[in-house]
Amino acid sequence: MKLVGFLMLLAGWFLVMAAIVLFASLPLRAAFVLAGVAVEALGLILAFRSHLIPREEKR
Amino acid sequence: MSPSRLPEVTTAACLFFIFLVPLAAAGLALMNVGLGRSRSAGHMMMASLTALAVAGLAYFVCGFAWQGFIGGPGRTLNLSGKNWNWIAAEPLLLRRLFLDGSYASLTALFQMFCVGLAALIPLGSGADRWRLRASCLSTGLLAAWTYPLFAHWVWGGGWLAQLGVNYGIGNGFLDVGGAGSIQVLGGLTALAVTWILGPRRGKYSADGMAPAIPGHNAVLVLFGCVLALVGWIGLNSAGAILFTGGDLSGVALIGINTMLAASASALTAALITKIRFGKPDASLTANGWVGGLVAGSASCAFVNPAEAVVIGSIAGAVVIFSVEWLELRMEVDDPGGSISVHAVAGIWGLLALGVFGEFQRPVWNVAGDFLPVGVNGIVSGQWLAQVIGVATLLGFVLPLTYGVNRLLNRFYPYRVSVEGERQGMDLHELGAGAYPEFVTHTDEFLPR
Chain A
82 MKLVGFLMLL AGWFLVMAAI VLFASLPLRA AFVLAGVAVE ALGLILAFRS
132 HLIPREEKR
Chain B
598 MSPSRLPEVT TAACLFFIFL VPLAAAGLAL MNVGLGRSRS AGHMMMASLT
648 ALAVAGLAYF VCGFAWQGFI GGPGRTLNLS GKNWNWIAAE PLLLRRLFLD
698 GSYASLTALF QMFCVGLAAL IPLGSGADRW RLRASCLSTG LLAAWTYPLF
748 AHWVWGGGWL AQLGVNYGIG NGFLDVGGAG SIQVLGGLTA LAVTWILGPR
798 RGKYSADGMA PAIPGHNAVL VLFGCVLALV GWIGLNSAGA ILFTGGDLSG
848 VALIGINTML AASASALTAA LITKIRFGKP DASLTANGWV GGLVAGSASC
898 AFVNPAEAVV IGSIAGAVVI FSVEWLELRM EVDDPGGSIS VHAVAGIWGL
948 LALGVFGEFQ RPVWNVAGDF LPVGVNGIVS GQWLAQVIGV ATLLGFVLPL
998 TYGVNRLLNR FYPYRVSVEG ERQGMDLHEL GAGAYPEFVT HTDEFLPR
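Protein sequences, first through last, are from chains A and B. Each position in the first sequence, counted from 1, maps to that position plus 81 in this note's numbering. Each position in the second sequence, counted from 1, maps to that position plus 597 in this note's numbering.
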């Protein structure tokens, strides 16, 4: 799950990069940048959840 | 326009501001020491000193070569007809850099202090369990690679700064005092290090409790805040002159905004902790103060004082709730609050520039002429440029710094042994405690 989370972070960033290069109009570009940020946010949530400490390791 | 040399008075003032920056490092180091345990106090200060040393040397060897300066040589990628400047092409070891007060030499000096500041941030999150040599190795990589790469994109005329001239997205990504390139980058490295190290022993129990492990010296923490203020004023002023084309006429506004952001943030933090816990919490108020400095540093040259107060107030609230959420819900043990103070507040500060920023003067952050002033100071798309910068920090820098540190951890384990953590880092790694006179004598407790 850690790897998936970080891959989603990267994927979101690539979406943002693609939005800058491919779209000319501000509204369309902004929409895709925000979509990329949303993917990053999901990846960040996954990364955080994957680093929660299992109960058996807590003492 | 590429100023090979700033006017003499500006150069002198810029040097003065740059020489204030180490005070910010001193402040952060004191805060990290005070927020940790007494058994690791000497180790934390030793780690701070060695981090500054390693960062400076690594930056000298190759950091500046890859970060460069606005108008300097760089390597570009051509994407759909636009040149993306992705890394500088300066020689290693500062060769061919004329250290004669030129713009490039001022940039190199300033950055050498800034990278040291960024290197101190993860130390606060790794307190009480991060081995000294491991922290030095991590710092070396941060100073030699991670920091110069991103700082080139923002402060070296790289592609983030070029978003304005290449794609008409505002003035490009702006960051006056390093909220992104120093603070968020350091904060995200702190997050990566905390994930790799794991929490301190006894921090999280199986019954779901997370007992507080308080810092050992509130005086150090709070005094560190005062030093940090002076350093941040220097940081923000020098950054405005070097990386946004500002001049001395804007320094008063920068100083006022810096002070107001920190003040509003600290008081908000104190108020929230008073309401929630019955008494204001000193360490969280200190975290709030620095969070305000961090958040205000992105926009200090481009907002009015009232807006700086708003930015600071929101930063104070954000820091408090972030500290709690990370510690209790996400089980991220961050003794110094580095992640919340630097990463979270820094991200808010960068976004706040997009919301509140007004550009009453032209901005210069890429090779070539100043960018035109917008209508009534508002530049279309500046908020989008800031979002893109934040997205780059989260989506590229975080995976990069996590991957690099994780790889290092495989070859040289970051975490001290169980026995070492119990003994304390001072005795285990340095062989001597910071407070050798703090000895409890049994006869002190005998009835008289």
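Hints in this document: simulated from the structure, not taken from any laboratory. Worth double-checking, as some hints may not be accurate.
[Said to hold, decoys possible] Okay, the calculated bits of chain B under chain A, using three or more residues with CB under 8 Å as the criterion:
1) 655 to 665
2) 719 to 729
3) 738 to 750
4) 786 to 797
[What the hints assert, rightly or not] If you only want the chain A side, here are some residues facing chain B, beta carbon under 8 Å, derived:
5) 82
6) 84
7) 85
8) 90
9) 94
10) 97
11) 109
12) 113
13) 117
14) 119
15) 123
16) 125
17) 127
18) 129
19) 132
[Unchecked claim] Computed from the model, here is a short list of chain A residues facing chain B with C-beta under 8 Å:
20) 87
21) 102
22) 107
23) 111
24) 118
25) 121
26) 134
Only a predicted model underlies this, so the values are computations on that prediction, with no experimental measurement involved. All C-beta atoms, glycine included, are put in the ideal place defined by N, C-alpha and C.
Hint-by-hint comparison with the structure:
For the segment 655 to 665 of chain B, the assignment as covered by chain A is violated, since 0 residues bring a beta-carbon within under 8 Å of that chain's beta-carbons and 3 are needed. With a threshold of 8 Å between beta carbons, the proposed coverage of the segment 719 to 729 of chain B by chain A is violated, since 0 of its residues qualify and at least three are required. With a cut-off of 8 Å between beta carbons, the segment 738 to 750 of chain B has 0 residues touching chain A; three or more are needed, and the interface restraint is violated. With a cut-off of 8 Å between beta carbons, the segment 786 to 797 of chain B has 3 residues touching chain A; three or more are needed, and the interface restraint holds.
This hint is violated: residue 82 of chain A has a C-beta 13 Å from the nearest C-beta of chain B, more than the 8 Å allowed. Hint status for residue 84 of chain A: violated, given a least beta-carbon distance of 10 Å to chain B, over 8 Å. Because the beta carbon of residue 85 of chain A sits about 12 Å from the nearest beta carbon in chain B, more than 8 Å, this interface hint is broken. For residue 90 of chain A, the shortest C-beta to C-beta distance to chain B is roughly 5 Å, which falls under 8 Å, so the interface hint holds.
The beta carbon of residue 94 of chain A is positioned within 8 Å of a beta carbon in chain B (closest approach about 3 Å), and the interface hint is therefore held. Annotation: interface hint on residue 97 of chain A holds; nearest CB of chain B at approximately 5 Å, less than 8 Å. Hint status for residue 109 of chain A: violated, given a least beta-carbon distance of 11 Å to chain B, over 8 Å. Proximity of residue 113 of chain A to chain B is violated relative to the hint, the smallest CB-CB distance being about 11 Å (cut-off 8 Å).
Restraint check, residue 117 of chain A versus chain B: the minimum CB separation of about 6 Å is within 8 Å; hint holds. Interface hint status for residue 119 of chain A: violated, as the beta-carbon distance to the closest one in chain B is roughly 10 Å, over 8 Å. Annotation: residue 123 of chain A was flagged as interfacial toward chain B, and the flag is violated, the nearest CB pair being 11 Å apart, outside 8 Å. Taking 8 Å as the C-beta cut-off, the interface hint given for residue 125 of chain A holds, the closest approach to chain B being about 6 Å.
A least Cβ separation of about 12 Å between residue 127 of chain A and chain B goes past the 8 Å threshold, and the interface hint is therefore violated. A cut of 8 Å between beta carbons decides the hint on residue 129 of chain A: the least distance to chain B is about 5 Å, and the hint holds. Checking residue 132 of chain A against chain B by beta carbon gives a least distance of about 5 Å; that is within 8 Å, so the hint holds. Taking 8 Å as the C-beta contact cut-off toward chain B, the hint placing residue 87 of chain A at the interface holds, the least distance being around 5 Å.
Taking 8 Å as the C-beta contact cut-off toward chain B, the hint placing residue 102 of chain A at the interface holds, the least distance being around 5 Å. Hint on residue 107 of chain A holds. Least Cβ distance to chain B is approximately 6 Å, under the 8 Å limit. The closest approach between the C-beta of residue 111 of chain A and any C-beta of chain B is roughly 5 Å, which is under the 8 Å cut-off, so the hint is satisfied. Because the closest C-beta pair between residue 118 of chain A and chain B is about 5 Å apart, less than 8 Å, the hint holds.
A cut of 8 Å between beta carbons decides the hint on residue 121 of chain A: the least distance to chain B is about 5 Å, and the hint holds. With a least beta-carbon distance of about 5 Å to chain B, the hint placing residue 134 of chain A at the interface is held under the 8 Å criterion.
In summary, the numbered hints that this structure violates are 1, 2, 3, 5, 6, 7, 11, 12, 14, 15 and 17.
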